[in-house]
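Student: Please take these sequences and the hints and turn them into a complete structure.
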Amino acid sequence: MRPILMKGHERPLTFLRYNRDGDLLFSCAKDHTPNVWFADNGDRLGTYRGHNGAVWSCDVSRDSTRLITGSADQTAKLWDVQTGRELFTFRFDAPARSVEFAIGDGLAVITTDNFMENVPTAQVKRIAEDPDDQSEESLLVITGIKGRINRAVWGPLNRTIITAGEDATIRIWDTETGQCLKESDKEQGHQKTITSLSKSADWSHFLTGSLDKSAKLWDTRTLTLIKTYVTERPVNAVDISPLLDHILQEEIGGVKGHFGPINALAFNPDGRSFSSGGEDGYVRLHHFDSDYFNIKI
Amino acid sequence: MAVEVATQKIRWGELEEDDEGDLDFLLPPRVVSGPDENGFKKVVEYRFDDKGNKVKVTRTFRVRKIARARLSKSAIERRSWPKFGDAVQEDVGARLTMVSTEEIVLERPRAPGSKAEEPSASGDPLASKSGAVLMVCRTCGKKGDHWTSKCPYKDLAPQTEAFVDRPPTADGSGPPGGAVKGAYVPPSMRSGAVDRVGHDMRRRNDENSVRVTNLSEDTREPDLLELFRTFGPVSRVYVAVDQKTGASRGFGFVNFVHREDAEKAISKLNGYGYDNLILRVEWATPRPN
Chain A
1 MRPILMKGHE RPLTFLRYNR DGDLLFSCAK DHTPNVWFAD NGDRLGTYRG
51 HNGAVWSCDV SRDSTRLITG SADQTAKLWD VQTGRELFTF RFDAPARSVE
101 FAIGDGLAVI TTDNFMENVP TAQVKRIAED PDDQSEESLL VITGIKGRIN
151 RAVWGPLNRT IITAGEDATI RIWDTETGQC LKESDKEQGH QKTITSLSKS
201 ADWSHFLTGS LDKSAKLWDT RTLTLIKTYV TERPVNAVDI SPLLDHILQE
251 EIGGVKGHFG PINALAFNPD GRSFSSGGED GYVRLHHFDS DYFNIKI
Chain B
1 MAVEVATQKI RWGELEEDDE GDLDFLLPPR VVSGPDENGF KKVVEYRFDD
51 KGNKVKVTRT FRVRKIARAR LSKSAIERRS WPKFGDAVQE DVGARLTMVS
101 TEEIVLERPR APGSKAEEPS ASGDPLASKS GAVLMVCRTC GKKGDHWTSK
151 CPYKDLAPQT EAFVDRPPTA DGSGPPGGAV KGAYVPPSMR SGAVDRVGHD
201 MRRRNDENSV RVTNLSEDTR EPDLLELFRT FGPVSRVYVA VDQKTGASRG
251 FGFVNFVHRE DAEKAISKLN GYGYDNLILR VEWATPRPN
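Those sequence lines, one after another, are chains A and B.
In this text, residue positions in the first sequence follow UniProt numbering: the first is 1, and each later residue adds one.
In this text, residue positions in the second sequence follow UniProt numbering: the first is 1, and each later residue adds one.
Calculated directly from the structure, the hints in this document are not laboratory data.
Values in this document were obtained by computation on a predicted structure and should not be read as measured data.
We put the beta carbon where it would ideally sit given N, CA and C, even for glycine.
Mixed in with the good hints there might be a few duds.
[What the hints assert, rightly or not] Here chain A is said to cover these stretches of chain B; the calculated rule only asks that three of the stretch's residues, wherever they fall, bring their Cβ under 8 Å from a Cβ of chain A:
(1) 39-46
(2) 83-90
[As the list claims (entries may be wrong)] Derived DEER-like restraints, expressed as beta-carbon distance ranges:
(3) A:D289 with B:D50: 33 to 43 Å
(4) B:R138 with A:D289: 25 to 35 Å
(5) B:S33 with A:K7: 21 to 31 Å
(6) B:S33 with A:K227: 51 to 61 Å
(7) A:L157 with B:K42: 46 to 56 Å
(8) A:N294 with B:S33: 32 to 42 Å
Tutor: Okay, here's the thing in structure tokens:
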């Protein structure tokens with residue numbers, strides 16, 4: 001395959017996200033401006049100017065109209081996807097790390113780092129239909145986690161929130177009560193910081209990558225360990241193909257090209273392409289060759 | 001995406017003197033032709049470069065469908081969205097998006113078809129693989145199952161002649177073959193090889209061995225045996241032969257059972273004329289290793 005190189009960022013990439021239709025790709029980097037690209041040919045559609053710090057993550061609503069970004073400038077912002085207009089700013093007293101819209105886009109979970117005296121939190125915000133009605137009030141604040149939360153995502157039916165981070169523990173929280181329902185087993189779980197977490201297409205299981213040089217596949221409901229994928233190097237980013245069942249525990253291939261570490265990975269929802277974002281500031285968009293789809297294990 | 005960028009300079013003398021201000025109206029309009037049936041699209045543009053020279057830029061694109069994307073209605077609508085933010089002022093030359101000139105292949109960590117540990121339970125692994133014939137194990141001769149280095153029978157295979165002269169190491173100290181995954185274990189250190197190559201091999205090679213040099217080219221081992229057996233029982237005769245041409249390389253070795261016989265042979269035959277050549281016979285010095 002001949003990857004498409006997209007040089008829209010001046011600093012290392014931090015996060016990549018496709019919209020649901022898979023035609024737009026959002027990229028976040030340590031420079032302050034997230035970009036949006038057409039996912040088929042790599043043309044840049046626009047930029048979201050307004051943050052004043054590294055942008056750590058983003059999420060796009062199901063209808064691709066709203067974008068939410070979390071930034072080291074201690075804010076999370078809502079954007080209009082089409083025009084790049086800033087709609088709302090959530091202010092925090094610590095950098096915002098992970099953001100995700102809930103099913104239905106009526107809620108969003110935003111995590112804040114442990115910063116100065118602040119403990120890390122995961123906060124649930126209501127996302128108003130009309131940006132004028134938007135408020136900064138948190139519906140729920142999850143605390144009691146030691147170490148930075150690198151990723152917080154919604155569980156099935158918005159009933160739970162799954163967090164993972166520096167303390168190498170995956171936790172499932174009840175969104176009604178804010179209680180911790182489950183914790184990953186110390187023996188089975190990761191030994192070092194969890195860097196990334198990615199859900200399968202149907203949310204039935206999710207994959208975590210950790211600096212302990214492994215990625216682990218978990219059942220979302222029961223938090224049981226399904227598979228462990230051991231690598232030779234720390235895992236920075238993980239994603240699950242929505243198309244093929246690669247629950248094989250066997251490495252089927254490597255893709256080279258970036259200069260330096262790769263910080264972000266995302267599969268196109270159609271499963272036919274994926275993009276990677278590196279420390280080199282490039283996004284590389286890979287459309288799989290046909291032989292990928294014919295791999296026999 | 002530009003496959004070829006051809007610039008053609010217009011001689012500066014042909015240009016008007018007063019090239020101040022915006023002269024873009026002087027330029028011929030942009031011409032777009034294609035895409036033709038091969039998907040080639042040609043765009044011819046004219047612009048002024050930094051020095052005021054008129055430059056013709058011909059860019060040839062190959063339009064191809066990269067992904068078979070079944071776009072939803074809203075996705076098609078998004079296609080026509082106007083650019084915003086920094087993407088608006090993006091000039092054509094910025095080339096933010098490029099197709100890699102390098103072909104990136106999905107690197108398989110193992111040869112397709114070879115298994116790390118557990119063999120696939122689903123029947124015969126050979127049947128399903130095309131091109132497996134290329135993979136022939138030199139040790140056990142099995143086709144398409146594994147490479148020679150991965151052969152499970154390699155320790156059982158008889159050692160080839162080439163390995164015999166390797167200095168054997170202390171018995172049993174070497175790691176058993178295949179214990180360290182992927183690490184190279186010399187044949188002499190593999191378990192199974194140790195005993196065979198062992199001490200008696202060393203004695204045969206190094207003890208009471210006499211080197212004979214300046215042999216004529218058509219001297220063969222029986223001739224040498226004929227010559228040396230008169231001094232006592234001979235355990236081995238060897239004439240070095242060039243592997244390519246088959247001709248003698250002019251030296252050989254004779255091993256005697258008794259050291260005294262060897263001494264006698266050296267004293268008698270050194271300087272002996274044999275087949276028009278004067279033989280040189282001496283103790284074979286043990287190899288430095």
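Student: Next, verify each hint and record whether it holds.
Tutor: Results of checking the hints against the structure:
Restraint check on the region 39-46 of chain B versus chain A: 0 residues with Cβ-Cβ distances below 8 Å, three needed, restraint violated. Counting residues of the region 83-90 of chain B whose C-beta sits closer than 8 Å to any C-beta of chain A gives 7, which meets the bar of three, so the coverage hint holds. Look at D289 (chain A) against D50 (chain B): about 41 Å separates their beta carbons, and that is inside 33 to 43 Å. Between R138 (chain B) and D289 (chain A) the CB atoms are about 32 Å apart, so this pair conforms to the stated range of 25 to 35 Å.
For the pair S33 (chain B) and K7 (chain A), the supplied restraint of 21 to 31 Å holds, since their beta-carbon distance comes to about 29 Å. A C-beta distance of roughly 54 Å is found between S33 (chain B) and K227 (chain A), which places it inside the suggested range of 51 to 61 Å. The beta-carbon spacing between L157 (chain A) and K42 (chain B), approximately 54 Å, falls within the hinted interval of 46 to 56 Å. At roughly 38 Å, the beta carbons of N294 (chain A) and S33 (chain B) sit within the given window of 32 to 42 Å.
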